[in-house]
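Chemist: So the protein lines, in turn, are chains A, B and C. Last residue of the first sequence: 293 (my numbering), numbering continuous. Last residue of the second sequence: 297 (my numbering), numbering continuous. Last residue of the third sequence: 391 (my numbering), numbering continuous.
No false leads were slipped in.
Distance windows between CB atoms, simulated:
#, chain 1, residue 1, chain 2, residue 2, range
1, A, I82, B, L243, 19 to 29 Å
2, C, G69, B, L54, 55 to 65 Å
3, A, N136, B, L71, 43 to 53 Å
4, B, D158, A, L275, 26 to 36 Å
5, C, S358, B, S124, 39 to 49 Å
Everything labelled a hint here was simulated from the structure, so no lab data went into it. The model shown is predicted, which means the values in this text are computed figures rather than measured ones. Note that the Cβ used here is the ideal one computed from N, Cα and C, for glycine as well.
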Amino acid sequence: MFLQLLFNGISLGAVYALIAVGFAIVFSVLKFSNFAHGGMISICAYIGFFFQKTVKPTPPIWVTILFTSLCGIVMSLFLDRIVYASIRRNKSPKNYYFLSSLTISIIITAILNVFFSKNPLAYPMLFSSTTFNVGNIRISRMDTMILIVSVVLLVLLIFLIDKTKVGLAMRAVSIDPETSKLMGINSNFIILMTFSLAGILAGVSGVLLGCKYGVFPDLGQSMMIKGFIASVIGGLGSLGGAIAAAFLLGIIEMFWTYVMGSLSTPVMTFVVMLLFLFIRPQGISGRFAKEKV
Amino acid sequence: MNNYQLGLIMNSCISVIEVVSVFIITSLAGMFSLGQAAFMTISAYLTFVLAKMLHLPIILTAAIGLGMSGLCAYIIAVPTLRLRKDYFTLITMGFGEMMASIVVMLEKYTKGSIGFSSIPKVKSIFWIIVATTIAVIFFAWQLKRSRFGRMCIALKTDETAAKSFGIDVYHLKIKVYVIASCISGLAGILYGLKNRVITPDGFSWNLSAEMQIFLFFGGTNSLTGAVISAFGLKLLPEMLRNLTLFGVNMQEYRTVIYCLLILLVINFRPEGMLGDKEMSPSRMVRAMKRRLKREKS
Amino acid sequence: MKKLLTCLLVLVLAFSLFASGAEEKSNDGPIKIGSIMDLTGGASNMGRPHSWGVEYAIKKVNEAGGINGRQIELYTQDCKNDITEGLNAYHKLVDEIGVCAIIGPALSNPASAWVDLSAEDKIPIVGHFMDEVCTTNPDTGAVYPYMFLAEPSCSVQSYDMAAYALAELGLKKYAVLYNPSNAFAKAHAEPFIAYVKENGGEVTAVETMGWADRDYSAQAIKITNSGAEAVFLCDYLAQNLISYDALRDAGFKGAILGANTLAPPLADQVKNDVYDVYFLQNYDMLNPNVGIINELVFSEMAATGTESPQCNVGFAWDAVQVLVEAMKKAKDPTDGEEVAKLLEQTTGVLLSSGDTISIDPATHRPNNMGMYIATYDENHNMVICGREDIY
Chain A
1 MFLQLLFNGI SLGAVYALIA VGFAIVFSVL KFSNFAHGGM ISICAYIGFF FQKTVKPTPP
61 IWVTILFTSL CGIVMSLFLD RIVYASIRRN KSPKNYYFLS SLTISIIITA ILNVFFSKNP
121 LAYPMLFSST TFNVGNIRIS RMDTMILIVS VVLLVLLIFL IDKTKVGLAM RAVSIDPETS
181 KLMGINSNFI ILMTFSLAGI LAGVSGVLLG CKYGVFPDLG QSMMIKGFIA SVIGGLGSLG
241 GAIAAAFLLG IIEMFWTYVM GSLSTPVMTF VVMLLFLFIR PQGISGRFAK EKV
Chain B
1 MNNYQLGLIM NSCISVIEVV SVFIITSLAG MFSLGQAAFM TISAYLTFVL AKMLHLPIIL
61 TAAIGLGMSG LCAYIIAVPT LRLRKDYFTL ITMGFGEMMA SIVVMLEKYT KGSIGFSSIP
121 KVKSIFWIIV ATTIAVIFFA WQLKRSRFGR MCIALKTDET AAKSFGIDVY HLKIKVYVIA
181 SCISGLAGIL YGLKNRVITP DGFSWNLSAE MQIFLFFGGT NSLTGAVISA FGLKLLPEML
241 RNLTLFGVNM QEYRTVIYCL LILLVINFRP EGMLGDKEMS PSRMVRAMKR RLKREKS
Chain C
1 MKKLLTCLLV LVLAFSLFAS GAEEKSNDGP IKIGSIMDLT GGASNMGRPH SWGVEYAIKK
61 VNEAGGINGR QIELYTQDCK NDITEGLNAY HKLVDEIGVC AIIGPALSNP ASAWVDLSAE
121 DKIPIVGHFM DEVCTTNPDT GAVYPYMFLA EPSCSVQSYD MAAYALAELG LKKYAVLYNP
181 SNAFAKAHAE PFIAYVKENG GEVTAVETMG WADRDYSAQA IKITNSGAEA VFLCDYLAQN
241 LISYDALRDA GFKGAILGAN TLAPPLADQV KNDVYDVYFL QNYDMLNPNV GIINELVFSE
301 MAATGTESPQ CNVGFAWDAV QVLVEAMKKA KDPTDGEEVA KLLEQTTGVL LSSGDTISID
361 PATHRPNNMG MYIATYDENH NMVICGREDI Y
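Go ahead and model the full structure; you've got the sequences and the hints to work with.
Modeler: Shown next, in the form of structure tokens:
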């Protein structure tokens, strides 16, 4: 039983991690919580669904994921162009980013509701049998796929940020955009890069969440809060911290729900969040971007 | 005026009170809360549930409700306000989620998601709401002009400088948050008195987000801007109910339309409708005089 | 200058809003009827077919000569499954447009705010707000004089399901998985549990989830381990899909029972095999030989491009029939007081199901309507497998 819950918790954590990293990456560079990410996930889930439905012969799932990632990039850049770019140009305070992303997320849900509220949609079945047994644990094939895809993606992402020049530039911009500009880093490009990465994450998580839970207008929105909580516990903007916190949250939630029931889960997560901030305000990762004076 | 119009004015007034509370937090002290609806939940439920269970007059239970809002705000503020501002935003959001689930958990008293509907009818509710709104606006106006308000603005503009002037930033922030949360609680009680049914869904996260959006639409540092935009934007979706464009009734699109409008304002007039300016009779007379003078010359 | 113009524009808009007053009710012109539906918001997948159905039913009434020769004018307003929006819609219809009766939505939260208002304004409201708090006062049990329900209430429906499972399926141990934050689910789950306990069944587990939860595997494991033979699901379709897969993934082999939200397209959308699923149905929707429900459902699907049949069209038809019958009998169909009196005596009104309805004056809910129990065959088609008549 313990192992079964542990595995389920880990696979739930993988879902949270995908979402949490999508926020954390934007937060690490631009220092704002990108609420539009939830809406992007929902849109990508719909795009992936219609791509699978209209293209004949039905493309394999990885082609769909690639396609939606591309769409995610395009949409991210489009949003940046029409909304965030002017905020940057005006040098408005960070709150404006936050507020715009909030409005965008409301718009996206409203539009999806107008067009697709008829019924939830479901991706075609991927596996003929949905679970397999390892010892006496039942493992869902879908969960395994999500776990593998997200771990691979997250490892690639961390490699990109920690080991490549672009990653170095991203880290530099995240610490001080003005100075990094002086150092010859094209900080505008880095910001676009960040949004593209977030777009890819939205594309991938859209398809995976759509496969697992079905496609409906507030798919991404409703999962968003959990992603946020993970990124808070992990230390805002730290990718490694967010991933660790997401897995931790998934496991804790699974056991808590089993023992105490799900009604009190929001109370538990709130208390955990407060405790974490009390004991370790710098987040799990320990890297703490101090607020600048 | 008929009941429909009176109802719309009451909705707008309640929205004004909500936005004033957010104004105090964001514009005076530079914090960003996404959980103000939670305080509406606390005080509305406490007021009406206690009034029914203990047969107390609403005035008394409302005081308890408001006090509880303030107390909860204090409890949240103490640990979080020492941290980064972003943490504060997310904690308030988590708090909102928690309150909604607590209402469902205590369904024995609150009736859970079905809604608590044993709310007595109050006479001349319209005038009570209008008078409270005016009083709240007046209070915020005085607060902004007082020594307390000036300290807050100093803190918002430059926290380190404010500290070096000897302002106790931490305690000031706590006070601001407690005051604002009591005002939110007041809005919650009025909402309950007006609708006579309260559900946890009615005070959702969207409501908290809406308040912030209204505030920025009106102008981040302008109380009059915030009041006007809260009043007007609450009316806007109702105006769109009748609108028909290209043979399509706009009813279903009304949320989309008004969000687009808000994005446009943030994009092209980032400081909001009124920016930092306040609209007052004397200022308007002065502006008119200036304009006339310019036209003469 | 720009600012001045904006201010003016806002003022003009505001005045245009307040300029039009309520019109007087006239004695020979068209009869104005309002309809308040969830056109947007979380429940719009049910609200839209419902709204379509009201329009269709009113069109048919008008084609057949209207109410004693007078045509009906329909005014539809959106309530977004929200109390404030619902109140705005109500006041708009009653105070501004001047309707003399309202067809209500399928969800109860907005409707619960109209219970006293409708009595003050004398506006009869006929709808499908299934929760009993919309028709009778939960504290006193007194009936709300102007609120009428035109289908079995949530409680009755859950009793029917429980009775079928106890008697026909012969199951003894039950579990319930529902979202208590969803009023619709709560109003089904509690009567189900109560009925099972009273009638010799055993409830082995009551598990819950919240709006923000998407993974119910912990609940599913717990239910499977509790030894339940059947699980009752009563949320909206999106949650039911996840619940079904979570339960089957956890190795649950028993029966899955549920509200009418388990209806198609559920069978085509879940990932596990579909077997032993039993759910409530108001109508024998796919049978062209009873009533006109089949025709209604398929005209809606053709007109709006929906892929699965929606029973809400039938709800709309039924509510309109009940209201129109009462209005036809009235001396003055625009007199709310008289129409409400007549609604109270509703008997033998033919519904889309082919059956008739009579309304109990003591509860304002039907006292002769049972429910069908449906299941899926191996090709994922819905088939009616039983009928329960507990009211």
